[in-house]
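Please model the complete structure; the sequences and the hints are all you need to start from.
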Amino acid sequence: MSAFAQQLIYGTSYGMNLAVAAAGLALLFGVYRVINLAHGQLIMFGGYIAYVVTTGLGLHFFVGFAAAMVAMGVAGVILEISVFRILQRRPATDQLLASLGVYMMIGILALRIWGDFEARPINMPGEEGAILLGEDIRIDFARIVTIAITIAVFAVLYFVVYRTHLGRTMRATAQGPETATLMGIRKREVAALVFFIAGALGGAAGAMLGGLFNVRPDMGFQPLLMALIIIIFGGMGSLIGAIIAGLVLGILYNLTVFYVGSKLGDLVPFAVLLIILMVRPQGLFGLPGRRA
Amino acid sequence: MRGSVKKAFVGAAVAAGLAVGGSAAQAEDVFKFGGVFTLSGPASFLGLFEEAAVRLAVEQFMKGDCIVEAIPAQPCEGGGLKIGDKKIPIEWKAYDDVSEDKKSIDAVTRLVEQDGARAIWGPRMNSAVLSAASILDPQSIISICAICSSPAMTVGRKWGHDITDTGVIEKHAISKFISESPERLKEHGIDPKIFEGRKKTGFIGRNELYTVHGSIGWEEGLKQWGGKYSYSDADKVLFPQGTTDFAPFVAKLAEQKPDIVMMDSYIVPDMLAIMKEMKKQGLDFETGKIVLLGNDVLMLQFLVDLAKKEGINMSSGYVWGWQEHNPAQDPATLARVEKYVKIYNEKYGSTEVGNSSPFDRGAYDAAIWFLYGVQAAGTITDNAAIVKAWRSLKINGLRGPENQFFVRPDTGEVTGQLMATEYIIGVKDDKVFYTGINYRDDLFFGPYVYGDKLPK
Amino acid sequence: MLEIRNLVLAYGVNRVVRDVSFAVQPGEVFALLGPNGAGKTSILRAVSGLVPAVSGDILFQGKSLLKRKPHDIVLGGIAHVPEGRQIFPEMSVHDNLLVGATVHIHKRERVRELEARCLSLFPIIKERARQAGGTLSGGEQQQLTIARGLMADPKLLIVDEPTLGLAPAIINVVADSFRKLRELGLTIVVAEQNADFALKVADHGVVLASGEITYAGTVKQLSDREILRKAYMGA
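Residue numbers (my numbering), protein chains in the order written: chain F, 1 to 292; chain D, 1001 to 1456; chain C, 2001 to 2235.
Simulated from the structure, these hints should not be mistaken for laboratory data.
Keep in mind the model is a prediction, meaning the values are calculated, not measured.
Take the hints with a grain of salt, since some may be wrong.
Derived DSSO-like pairs (lysine-lysine); straight-line CA-CA distance at most 27 Å [said to hold, decoys possible]: (1) Lys187(F) <-> Lys2067(C); (2) Lys263(F) <-> Lys2067(C); (3) Lys2200(C) <-> Lys187(F); (4) Lys263(F) <-> Lys1279(D); (5) Lys1199(D) <-> Lys263(F); (6) Lys1456(D) <-> Lys263(F); (7) Lys2200(C) <-> Lys2155(C); (8) Lys187(F) <-> Lys2063(C); (9) Lys263(F) <-> Lys1102(D); (10) Lys1431(D) <-> Lys1279(D); (11) Lys1102(D) <-> Lys1032(D); (12) Lys1200(D) <-> Lys1428(D); (13) Lys1199(D) <-> Lys1223(D); (14) Lys1158(D) <-> Lys1228(D).
As structure tokens, then:
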């Protein structure tokens, strides 16, 4: 039983990291109708930014975390202006392929700067300590920190999207892009905003994953894959869906590795994907037939 | 793009002597030697140095400054391979496979069919090794690898050469070490209490063939050396490539409550992350809760330094591994290494290849050894003669004196597998050190070493 | 107030509006009548900057609207209520209204006044303020889109097919609201297939058939069914 509880804790922390990563993708798809594969590399690059600021410059983790968010937010805006805006009227496959190209380019860039042999540690608060529950259950402070950060990030995100006028313009654009234009909403401003927030969420996920397990050039791939499945699972474009699906997937992944077999962990996300596509293709929080 | 990509496609270094003859030289006047390496992408760190070392070996051979000596002696006069009275230049050409099997096989095919290579170095990945074998073996093309660490290079193959150990052989060595008698350990200043009362072993690595071979060697070894330790193959923990959160995998390992953990990974970021998480989950090698065993990458000084930077102390006396390279060598070997390292570092130190490490030295050894072999055969076209002559040579190389191929005790056949010596290494005061214990002849047993076919 | 001069619009090579001219006077309700596909919606979209003009001009208060961005046109005083009750279905009624006020959202006092005005014009929305837009009935949604348009504080309100698919009782409510808006001094351009609705609310208008004007003048005259029939047939 305690082993189960322990896996729930690990799964929750992993799932929340994934949810942050997926929320960025969900937002981009929801408002801008683009699946940005380069998001995975923003996660990775965000990890490196946090590494440079905390380990390199010796500043506090939260400074590095904020720097990762801002830097990747700006990177997101640059991507929108330099790639996606140009491809906006092109078929979705063109955008997808372009984002894959950007994924590769950012990967090569990071390799050039930081190399591929070393893991880069990020000093995170609570790295050493843990709370022990009974004999066997331990909750690492670092995981408590990431869970707390995730909750805070989602609280801010919720506030921005549902309690500010900027959020209203984003939601309006998502639900009726042309009508939103008729309301005087500037498409480009919303696009920049959405790409900024999505990039920042990627940076946040990277800083947290890097804080738990070092920063490395290939760290963007698994979260990207999981995030893609999460947004399909949660309902394309749904933030709450991303959070719940992220948690479910993270926990399921951990339980499978632990109870079924370490080699089978990777099966979980794809099995979930298949089942979702067959049973509820619109995802948990997607409305049937709303989005083609 | 990485410079190395361009480099690979341009066709890499052509030896100096070739300039005179140029492309007009006829096939039998040039010895064509090709390679397939991962020169770009995340796995390029496994390919860049190997390609660089082989290229350097060709250049040094053409210059007449081989550094490595053959036993019995072979001339290294410069200008090419000395075949009869002629000097035959060596042409080296390498392709980048970007760590993709398909590109590997394309490159192998191109080297054989278009470039007319008589011997091919690489590819490295296990799956590519097997596919390449199916192209190369039927055409009697010699294949060589100095970092493959795979039984697939030699077992059941006539033309394959593995100039390093394999994941199986090295596990035979480390399992032997932990099964040593207290007396032997004491002799070498190792406290036998480290292993006292330990029984259960656990195994963690990335889900790939190297690790699967490693776990087989580990299980074979534990049995071979007296069965003091238990191991369950069903319990081995294999994590997928690209894993970011190691917690569930380490938890699965911790649940087995092992006394000894074999961490079979050569991916530095993975290793550091696993070690960090092991400490958190009570698999503590700093206090001796467990003994942590790792491989030759774990026992690299730079890894110990990196670990220290991350707050991981490997100097507790409970962390052990091996190296194929004796860190405390005889003066003649040291002199060779010193000379080589100077040349290598001057050439590559400031490039993306980087400074010399034990791995490029092994590749350099192997390349010079092979060229001596061709020379000793007195032919550049008869591969059967080349293989026979090469395998009967030994070398005094950069890894140490008297390197030789493994001779099967049952048939007396000389195989293409290097008879690697494994030196047991520990860490003390943040420095790796050689324990004085090393193994060689004992390690060569089992179907993965000299079977006629790779077991399924 | 609004003047369309020799306007030509096209989708690709297909000319959907051919040399159309008319003028809307301040304070009146002006109707664009005609069957489906006559080019009414295209003209309205061109006014809002969604469709570029091939040739001709669109003037608002004497200044050309061509080459101005949609948000700029809204800011200039033209609100567009698109056809098909394009509310934001997953946003609350209140949020829908606020989105309408985007161009001057920072003027909090003004936004509050505008909202109060909208809610008094359309009391039913007030009851539904916290509900998601998508849960409203068709008539309520139509009232919401008009109210949302008013939140931009326009001088000219463009309404595309407000009666489409609505029950007669609801159509009367919409007609009532037009009268009230007119009393507030708003100029309204309404595109309609339903000539009876236009007769109820509009002063002047044009009838369009296949992208050309077939009738221009007072709407009252169109109560003569013969004139109306000829205009619709494009004869």
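* **Hint numbers contradicted by this structure** => 2, 3 and 14
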